[in-house]
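Construct the complete structure from the given sequences, taking the supplied hints into account.
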Amino acid sequence: MSYQVDENGFYGEFGGAYIPEILYKCVDELRKAYLPVIQSEEFKKEYHRLLLDYAGRPSPLYYADRMSSKYGCRLYLKREDCNHTGAHKINNAIGQILLARKMGKTRVIAETGAGQHGVATATVCALMGMQCEIFMGKTDVERQHTNVERMRMLGAKVNPVTTGNMTLSDACSAAIRDWCCHPSDTYYLVGSTMGPHPYPDLVAKLQSVISEEIKTQLLEKTGRDYPDYLIACIGGGSNAAGTIYHYMDDDRVKIVLAEAGGHGVDSGYTAATIHRGRTGILHGSKMLVMQTPDGQIEEAFSISAGLDYPGVGPMHCNMAKQGRTKVLDINDDEAIYAGYEMTRLEGIIPAIESAHAVAALSKMSFRPDDIVVLTVSGRGDKDVETYLKNKEMAAEYGNF
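Numbering (the working numbering), first residue to last: 2 to 401.
In case anyone wonders, no lab produced these hints; they're calculated from the structure.
Do not rely on the hints blindly, as some may be mistaken.
Unchecked claim - Pairwise CB distance ranges, derived in the manner of DEER restraints:
1) M365 <-> K392: 23 to 29 Å
2) G296 <-> S41: 17 to 23 Å
3) A396 <-> T223: 34 to 40 Å
4) A127 <-> N9: 34 to 40 Å
5) D226 <-> Y25: 37 to 43 Å
6) P21 <-> S41: 29 to 35 Å
7) S268 <-> E386: 20 to 26 Å
8) P294 <-> Y55: 34 to 40 Å
9) D382 <-> P184: 35 to 41 Å
10) T147 <-> Y25: 37 to 43 Å
11) A34 <-> L220: 33 to 39 Å
Claimed, not checked - In silico lysine to aspartate or glutamate, EDC-like type, Cα no more than 16 Å apart, as pairs:
12) K26 <-> E14
13) K327 <-> D251
14) K103 <-> E42
15) K390 <-> D334
16) K222 <-> D66
17) K71 <-> E347
18) K71 <-> E397
19) K216 <-> D250
20) K327 <-> D252
21) K139 <-> D250
22) K322 <-> D250
23) K45 <-> E213
24) K158 <-> D179
25) K103 <-> D186
26) K71 <-> D371
27) K327 <-> E213
28) K216 <-> D229
29) K392 <-> E300
Ideal Cβ positions, reconstructed from N, Cα and C, are used throughout, including at glycine.
Below, the structure is given as structure tokens:
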């Protein structure tokens, strides 16, 4: 079977477009436009030029020698943290801003959690001279202050959202409300593989440059173009989608995804949606959603702002349900420990989101000749204060 989206915008039972009538025209306009635009030679030429000359792609595929020795495998790190703006988010932002311009939009809005998508969106809006507004939960504004100031420096208006628990889910809701009020001139630049169709497919296609490069780089370094294991963190799912896109239907490759366990899956303070969620509707899509017995959305909790979301993209819901992916829950303390481990063993400070993927290594068993590719979705500059506040979780890596 194929795990790609079908002609109606569904991945198995998940996906679709569950939207208010006022947004139907906007979403339908996007649905009709996105494939002809992104498949055109004009788009491809400009998109790949900007990825090369502006974003700094291809990102390195680095052999992690010391961590390979520790975990008994051949571990390669896909270094999305080396991209301009410091994460994988720029891949999607460049593609969507070109699409927005082609569609004649003059104003761009976006949601953000950790701030990396907000920074990437503000960056491309500055590049293209377009008006930009970012919606960000007040909780995340406070814990990701540096990224907030980067967005403002780039010319974006940052709107702190004070509803709910004031994190990513609430930022998404606020962005959708704004879109409802400005449907004609505004483009909603969604940051992950969530939202109504065609966003999950659009974002996955734009992020697929990650797995496309992995194939080429692995062939050069190992003599074959596929790994035994792919590992990535997962919240909404864009980094994970980009990592696995060209391997989704390749049964030779085992896919392991790490979601945010928070204080523990059964603690009531978690963002482990694939473990805890039930089928529901959130932000225009049918997906697994953490919800109460009567269908109210539960608040997600994670030390990682970028994984702090009570749903997960429909592509990943379907693949998990079909058994194509193995999803591990990683608690906050495990992620902090893993972040320090990578920092001390490889000299790479990962974003706390990425540290969840690193923590998955300790829950797996490998053979010495297994080729493992782990995507470092972003750099940890934005999380240094959080790492330091929680350094007791990584006492083994002392001398702070």
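- Item | Hints the structure fails to honour | 2, 8, 12, 21, 27 and 29
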